[in-house]
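Based on the hints, put chain B in the right spot on chain A.
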Amino acid sequence: MPAPEDITATLLAERLPLTAFFASVTRDFHLAEDVFQEVCVKAVARAESFETTAHLMNWARLAGKNRAIDILRARDGRYVGLSDEMLALLAHEWPDESKVDAMQEALDHCITQITPNNRELLRLRYFERRNCTDVAAIMGRKIETVYQALARLHKTLGDCIRARLQTDSAS
Amino acid sequence: MNDTDFLAQAMRYQDGVLTPDELAAFEAVMRDDSSKRQLFADTQVRSMALHDRFRQEAFRGDKDTPVCESKRTDKSVCFTWITRPITAMAAGLVIGLFSASIVWAISAPKATTERLFSLLNGSFDETRLERGFPHQTGFWSGDEAEIHEGQLRFIAPGSDSGDPTGRAISCDVFQLVDLHPLRQALNPEGDSVLELSADFRDGRAPNTKPSVSFFGQLYLFSGDPGSLHQTWPQSIPEALASGSAQVTTLGSDAKGVRTLTAKCLIPAQADFAVIQIAARPNLRPAKLDGLSADNVKLTLKNHPALPVRIVQR
Chain A
131 MPAPEDITAT
141 LLAERLPLTA
151 FFASVTRDFH
161 LAEDVFQEVC
171 VKAVARAESF
181 ETTAHLMNWA
191 RLAGKNRAID
201 ILRARDGRYV
211 GLSDEMLALL
221 AHEWPDESKV
231 DAMQEALDHC
241 ITQITPNNRE
251 LLRLRYFERR
261 NCTDVAAIMG
271 RKIETVYQAL
281 ARLHKTLGDC
291 IRARLQTDSA
301 S
Chain B
508 MNDTDFLAQA
518 MRYQDGVLTP
528 DELAAFEAVM
538 RDDSSKRQLF
548 ADTQVRSMAL
558 HDRFRQEAFR
568 GDKDTPVCES
578 KRTDKSVCFT
588 WITRPITAMA
598 AGLVIGLFSA
608 SIVWAISAPK
618 ATTERLFSLL
628 NGSFDETRLE
638 RGFPHQTGFW
648 SGDEAEIHEG
658 QLRFIAPGSD
668 SGDPTGRAIS
678 CDVFQLVDLH
688 PLRQALNPEG
698 DSVLELSADF
708 RDGRAPNTKP
718 SVSFFGQLYL
728 FSGDPGSLHQ
738 TWPQSIPEAL
748 ASGSAQVTTL
758 GSDAKGVRTL
768 TAKCLIPAQA
778 DFAVIQIAAR
788 PNLRPAKLDG
798 LSADNVKLTL
808 KNHPALPVRI
818 VQR
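Respectively, the protein sequence lines represent chains A and B.
The working numbering applies: residue 131 is where the first sequence begins, and numbers increase by one.
The working numbering applies: residue 508 is where the second sequence begins, and numbers increase by one.
Please note that a few of the clues may not be correct.
DSSO-like mimics (lysine-lysine), calculated; alpha carbons at most 27 Å apart, straight line [said to hold, decoys possible]: (1) B:Lys762 / A:Lys272; (2) B:Lys716 / A:Lys272; (3) B:Lys543 / A:Lys229; (4) A:Lys229 / A:Lys285; (5) B:Lys762 / B:Lys716; (6) A:Lys272 / A:Lys285; (7) B:Lys716 / B:Lys808; (8) B:Lys543 / A:Lys285; (9) B:Lys804 / B:Lys762; (10) B:Lys794 / B:Lys762.
Since the hints were made in silico from the structure, they are not lab data.
Chain B extracted, bound-state conformation:
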């Protein structure tokens, strides 16, 4: 099998369309040829790097500009999405649960507890919706949108008030949430996770172009939520932790409403959360008719489940 044929099989593996016989043959090739294993590994890493790169580009609004210039000097700029939560985690976690036996690695997970947290009007029963990045907690505010019949309807992309020269690439709606009441419910061991979930619906006719990407994102900050609007979105890299989920649709399809869940670890010093739900047309300008969101929920989970596997050294 030449490299191109092997790579095509690797793509089929990624899609989950290999038959059991094809999967066995794919494995056999890798088992017998270390260069194919290296090719598979390199392709997986490159695929992940491409995923990172396109995702970050989406929020820079300039498809022609590399996300990270070739001569990077500050990695934190390039890896804000993922590294921030871990940085915060390092500051917040209590260390040490080592069991003095020959067994190490992973212990049985403790029970997961969860409760809904104080995001207001997540089901859009009230019609209050303001424009621009919110100046205080407790209500929805953002780009041109409307609350109608218990749903948030995206209407048009808008630029950020803190970056008036920026391009309008997505219709973003935000809510600031005070996290102080949450602190007493945090797991003292530190592995508490905040989950944002939201339902998104693309009500356009099937296979309508352009495609639209829906996003659910949460960012945790310390400090005064009332001043964040002055620096948003430039202040995103200052987030203590963040989480993101996305889905892309081409009008209605058999899958119907898509529920996205974004999660992030909660550092002890987090004072408030920025909840962002967004619809981004992947070709602009574009109307956002038929795109809506509903059932936005914020859930605190302690002790996320981990695998019950015992490894002996």
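If we strip away everything but chain A, and leave its shape as in the complex, we get:
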């Protein structure tokens, strides 16, 4: 059974992948962060019920997913998104902290390689939390062009991160 301080440390370390998983349900980063905080409170309060770290993480993903769906149902009257079955499948394979830490360091490098226009695209999307309709209006582009640009940019960043990680592991 993990000690309460171990539970806290585990959840802290897993914050980014957990919050990203919750955002797969909420499609809103701030809401996902709120869900993460609530899950942490309840996890620590129920520390004795967790037998292993894997048990804790399974519980956290399930509790957060359920909480996120409940919030959306209360707010919008219904939940429209990935099915329970798909979310369960994703949860089972979701990356953990060990992969995410390295990804973040590689991202720090890769983001310096993109053009100012692409950086602005990311800033509008991930800082200003604009949808692609808004981004298209702001940048004077067609909506479809923005979706394609964002998709290519994610692919570029993903490829760069993979290459960087391979270089790091080789050296």
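Positioned in the frame of chain A, the structure of chain B alone reads:
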């Protein structure tokens, strides 16, 4: 479906614009292809990392400098926003509510109680507004702004007095709030949450550039509120807990006034709160005409609701 087309669908999913048929097809692709599930997961995690990164950059004031250098050695510096509340939580929570049955996970939430807390002049009925980071509790103070007709009007970004070499990136107005009277109302189980809410209005013409980001933030500290001005903002990492909410606008639009709510857990050792409301033009220099805030409230909530789901092992 190639990776780029799949990623474009993932972006549409994030925007909530997939039709039911498109959503079903999107799921089918992931169900049949584990590499697409991995691509989706990696994209979600990268998106969250980008969100973190840009948000932290915004308050460092230097868009060209990575938030966290590649060779990080101190994670706490990079994750102050979220990890501090949890660190505080670890110190403050009472552990153990395990029910000795085969049912585990989440129990039914208890009723949420809430009450307004002692933030003064949140509706800006009084005109007292001082300059610089406040030296004591109970009044608004900050960068160039004015209180006019029951609203706080942002006028110009300013640098922090504790960091005179720093760039003026946002117009920040603060209030320090003594938390000692709150302690007796805290939930002994520890899951008490302090919520800051505020209304923000962008009164500029529609689609006015630059965009402006409004922020509502609260930080909880232990110690003497009268000395914090000497070290602000360098002392932010010393906060026991913090919460933040933001919205970006391009002039007035159909959504009108935006209400932001930031929340954070309350560690037992918190002595005072720093309430910060801010307007940040996303291109500088920029005038802040037409930007205002109102109805700033601080609310204590006990037992935040959690999902009523029973899971059997």
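Results of checking the hints against the structure:
1. B:Lys762 / A:Lys272: It holds: about 23 Å lies between the C-alpha atoms, which stays within 27 Å.
2. B:Lys716 / A:Lys272: 19 Å, holds
3. B:Lys543 / A:Lys229: 17 Å, holds
4. A:Lys229 / A:Lys285: 18 Å, holds
5. B:Lys762 / B:Lys716: Holds, at roughly 17 Å.
6. A:Lys272 / A:Lys285: 20 Å, holds
7. B:Lys716 / B:Lys808: Since the Cα atoms of B:Lys716 and B:Lys808 sit roughly 38 Å apart, the hinted pair is violated (cutoff 27 Å).
8. B:Lys543 / A:Lys285: OK: B:Lys543 and A:Lys285 at ~12 Å, within 27 Å.
9. B:Lys804 / B:Lys762: Distance of about 21 Å is within 27 Å: holds.
10. B:Lys794 / B:Lys762: 22 Å, holds
Going through the hint list in order, the structure does not satisfy hint 7, though it satisfies all others.
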